[in-house]
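Q: Sequence:
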Amino acid sequence: MSKTIALAGTFDTKGKEFLFVKELIESLGFRTLTIHTGVFKPAFDPDISNEVIFQAAGENIKEIVEAEDRGKATLVLSKGMEIVLPQLYEQGKLDGILSFGGSGGTSIVTPGMRALPIGVPKIMVSTVASGNVAPYVGTSDIIMYPSIVDVAGLNRISTKIFTNAVFAIVGMLSFENKQRFDNKPLLAATMFGLTTPCINYAKAYVEKQGYEMLVFHATGVGGRTMESLIEAGFIEGVLDITTTEWADEIVGGVLGAGPHRLEAAVKHNVPQVVSVGAMDMVNFGPYETVPERFTGRKFYKHNPTVTLMRTNMEENKQIGEVLAEKLNMASGDTALILPLKGLSGLDVHGQPFYGPEEDQMLFDTLKKNIDRDKVQVIELEKAINDRAFAEAAAEKLIQLIEEKKGEN
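Add 320 to a position in the sequence shown, counting from 1, and you land on the number used in my numbering.
I should point out that these hints are in silico values taken from the structure, not numbers from a laboratory. Source: prediction; values computed, not measured. All residues carry an ideal CB built from backbone N, CA and C; glycine is no exception. One or more hints might be untrue.
[Unchecked claim] In silico DSSO-like links for lysine-lysine, alpha-carbon gap of 30 Å or less:
no., residue 1, residue 2
1, LYS504, LYS724
2, LYS687, LYS637
3, LYS661, LYS688
4, LYS413, LYS323
5, LYS528, LYS498
6, LYS480, LYS528
7, LYS637, LYS587
8, LYS480, LYS392
9, LYS725, LYS661
10, LYS382, LYS323
11, LYS618, LYS687
12, LYS716, LYS587
13, LYS528, LYS504
14, LYS716, LYS504
15, LYS618, LYS587
16, LYS702, LYS716
17, LYS480, LYS361
18, LYS382, LYS342
19, LYS392, LYS413
20, LYS621, LYS587
21, LYS724, LYS702
22, LYS661, LYS618
23, LYS323, LYS528
24, LYS716, LYS694
25, LYS618, LYS637
26, LYS637, LYS702
[To be verified] Label-pair ranges, simulated between beta-carbon atoms:
no., residue 1, residue 2, range
27, ASN689, ASP367, 35 to 41 Å
28, GLY572, GLU527, 44 to 50 Å
29, LEU474, ASN520, 32 to 38 Å
30, ILE698, GLU727, 17 to 23 Å
31, GLU527, GLU645, 42 to 48 Å
32, GLY439, ILE468, 24 to 30 Å
33, GLU645, LYS725, 25 to 31 Å
34, GLU532, ASP461, 16 to 22 Å
35, ILE698, LYS618, 24 to 30 Å
36, SER322, GLU532, 31 to 37 Å
Make a model of the complete structure from these sequences and hints.
A: Structure (structure tokens):
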């Protein structure tokens with residue numbers, strides 16, 4: 321049976337373009353499911369009308385049209401797509417989704433794309449695809465494809481872009497990876513370039529014990545993505561070694577993961593071992609982009625596009641208080657493991673960010689504020705990238721997982 325590609329967009333203003341794409345998809349042997357996300361009458365009859373989308377969002381389409389409030393219409397349609405699209409997928413009515421649009425069309429369709437499971441092909445051809453796409457992609461696997469020219473008419477450029485996008489999603493749905501993975505318990509870990517040895521040691525250790533580990537780069541989106549997978553129930557244990565995103569969140573760096581980082585495992589009672597990896601640093605872009613208020617601080621140019629700033633005593637006190645607050649939300653299944661000899665590859669004797677006093681402030685704040693009835697605190701006279709530290713953290717996580725299994 322041929323697969324179905326959902327084609328979602330504003331058929332009132334871009335009907336000719338979507339008909340071109342629809343006919344191309346069907347000429348390749350695939351079915352289409354057309355979803356009208358515009359406000360007004362479409363250029364052709366869709367399979368799913370905009371009225372369905374408005375109703376899903378709890379709004380009356382006639383009132384929206386009469387008000388001529390484009391901003392509200394976009395918001396309502398985006399909410400409706402977030403509800404309708406996963407429902408259609410669950411009903412088996414689509415296998416992948418393709419859309420084209422400007423900033424408005426992109427804002428309407430991508431919330432629904434984000435609500436689909438990871439792995440479902442989703443391509444958004446957009447005029448904003450070459451800019452900051454984080455608001456559209458979030459923690460999903462949406463492919464943002466620059467439209468080059470506006471989605472406004474058929475010409476030698478637009479038709480080539482549309483055709484390539486069709487071929488891309490058709491290719492995703494035509495081929496299947498034959499490799500099969502064992503259904504091993506899935507763990508999550510956080511890593512930075514400067515905590516890589518630790519995670520490599522830990523990964524090797526847990527794999528020998530029969531576990532599979534997903535590693536997330538702690539760059540803001542990495543931490544949020546891991547939290548979303550924990551929320552979705554994929555993860556059985558978390559080795560949250562690299563919590564550096566909190567340093568950026570508190571101090572004002574560029575890689576913060578938002579105020580809810582470290583909450584998912586606690587909320588869903590997923591065993592976790594947490595550490596303070598790379599808490600010795602705050603991340604900025606090129607050196608000239610560092611805010612003036614940090615003039616005179618200790619910096620390290622990690623590469624031409626990344627500048628690191630050493631955290632100071634006061635910042636580490638604030639970080640420690642927030643981490644303790646998050647961990648104290650746990651009802652068990654949580655351990656905090658502290659590397660007393662260094663937080664990263666830069667925070668060991670002889671390296672630029674070596675700072676025993678700053679680290680001690682972080683350790684002391686955590687130990688003062690942690691509720692030890694809820695969180696186990698482990699101190700090791702090791703640096704974070706020492707094999708012994710990494711394996712102790714991994715061993716502790718497996719112990720917490722096994723204890724939880726025993727309770728169940």
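Q: Determine for every hint whether it applies to the structure shown.
A: Going through the hints against the structure:
Our distance criterion of 30 Å between C-alpha atoms is met by LYS504 and LYS724, whose separation comes to about 17 Å. In summary, the hint linking LYS687 to LYS637 is supported, as the alpha carbons are separated by about 11 Å, within the 30 Å threshold. The straight-line distance between the Cα atoms of LYS661 and LYS688 is roughly 19 Å, inside the 30 Å bound, and the hint therefore holds. At roughly 9 Å between alpha-carbon atoms, LYS413 and LYS323 fall within 30 Å of each other, so this suggested pair holds.
A C-alpha spacing of about 24 Å is found between LYS528 and LYS498, which places the hinted pair at or below 30 Å, so the restraint holds. Our distance criterion of 30 Å between C-alpha atoms is broken by LYS480 and LYS528, whose separation comes to about 49 Å. The hinted pair formed by LYS637 and LYS587 meets the criterion: a straight-line CA distance of about 25 Å does not exceed 30 Å. At roughly 33 Å between alpha-carbon atoms, LYS480 and LYS392 are farther apart than 30 Å, so this suggested pair is violated.
Between LYS725 and LYS661 the CA atoms are separated by roughly 33 Å; this puts the pair beyond 30 Å, and the hint is violated. With a C-alpha separation of about 34 Å, the suggested pair LYS382 and LYS323 falls outside the 30 Å cut-off, and the hint is violated. Taking the CA atoms of LYS618 and LYS687, the gap is about 26 Å. The hint holds against a cut of 30 Å. Restraint check: the Cα-Cα separation between LYS716 and LYS587 comes to about 20 Å, which is no more than 30 Å; the hinted pair holds.
Between LYS528 and LYS504 the alpha-carbon distance is near 11 Å, which keeps this suggested pair within the 30 Å criterion. For the proposed pair LYS716 and LYS504, the alpha carbon gap of about 18 Å is at most 30 Å, so the pair holds. Between LYS618 and LYS587 the CA atoms are separated by roughly 37 Å; this puts the pair beyond 30 Å, and the hint is violated. Among the hinted pairs, LYS702 with LYS716 is consistent with the structure: their alpha-carbon atoms are about 16 Å apart, no more than 30 Å.
At roughly 27 Å between alpha-carbon atoms, LYS480 and LYS361 fall within 30 Å of each other, so this suggested pair holds. Straight-line distance between C-alpha atoms of LYS382 and LYS342 comes to about 28 Å, which keeps the hinted pair within the 30 Å bound. Taking the CA atoms of LYS392 and LYS413, the gap is near 28 Å; set against the 30 Å cutoff, the hint holds. For the given pair, LYS621 sits about 37 Å from LYS587 by alpha-carbon distance, which is inconsistent with the 30 Å threshold.
A C-alpha spacing of about 28 Å is found between LYS724 and LYS702, which places the hinted pair at or below 30 Å, so the restraint holds. For the given pair, LYS661 sits about 20 Å from LYS618 by alpha-carbon distance, which is consistent with the 30 Å threshold. Note on LYS323 and LYS528: the hinted pairing is violated, with a Cα-Cα distance of about 39 Å set against a maximum of 30 Å. For the suggested pair LYS716 and LYS694, the alpha carbons sit about 15 Å apart, so the restraint of at most 30 Å is met.
Pair hint LYS618 plus LYS637 holds up; C-alpha atoms about 18 Å apart against a cutoff of 30 Å. Taking the CA atoms of LYS637 and LYS702, the gap is near 21 Å; set against the 30 Å cutoff, the hint holds. A hinted range of 35 to 41 Å for the beta carbons of ASN689 and ASP367 is inconsistent with their spacing of about 56 Å. In this structure, GLY572 and GLU527 break the distance hint of 44 to 50 Å, their C-beta atoms being roughly 37 Å apart.
A hinted range of 32 to 38 Å for the beta carbons of LEU474 and ASN520 is inconsistent with their spacing of about 51 Å. With their beta carbons about 21 Å apart, ILE698 and GLU727 fall inside the hinted range of 17 to 23 Å. Restraint check, GLU527 to GLU645: a C-beta distance of roughly 33 Å breaks the suggested window 42 to 48 Å. At about 28 Å, the beta-carbon gap between GLY439 and ILE468 stays in the expected band of 24 to 30 Å.
Range check, GLU645 to LYS725: about 29 Å between beta-carbon atoms, so the 25 to 31 Å window is met. In this structure, GLU532 and ASP461 meet the distance hint of 16 to 22 Å, their C-beta atoms being roughly 19 Å apart. In this structure, ILE698 and LYS618 meet the distance hint of 24 to 30 Å, their C-beta atoms being roughly 29 Å apart. Distance hint for SER322 and GLU532: a CB-CB separation of about 33 Å, consistent with the stated range 31 to 37 Å.
Hint violations for this structure: numbers 6, 8, 9, 10, 15, 20, 23, 27, 28, 29, 31, all remaining hints satisfied.
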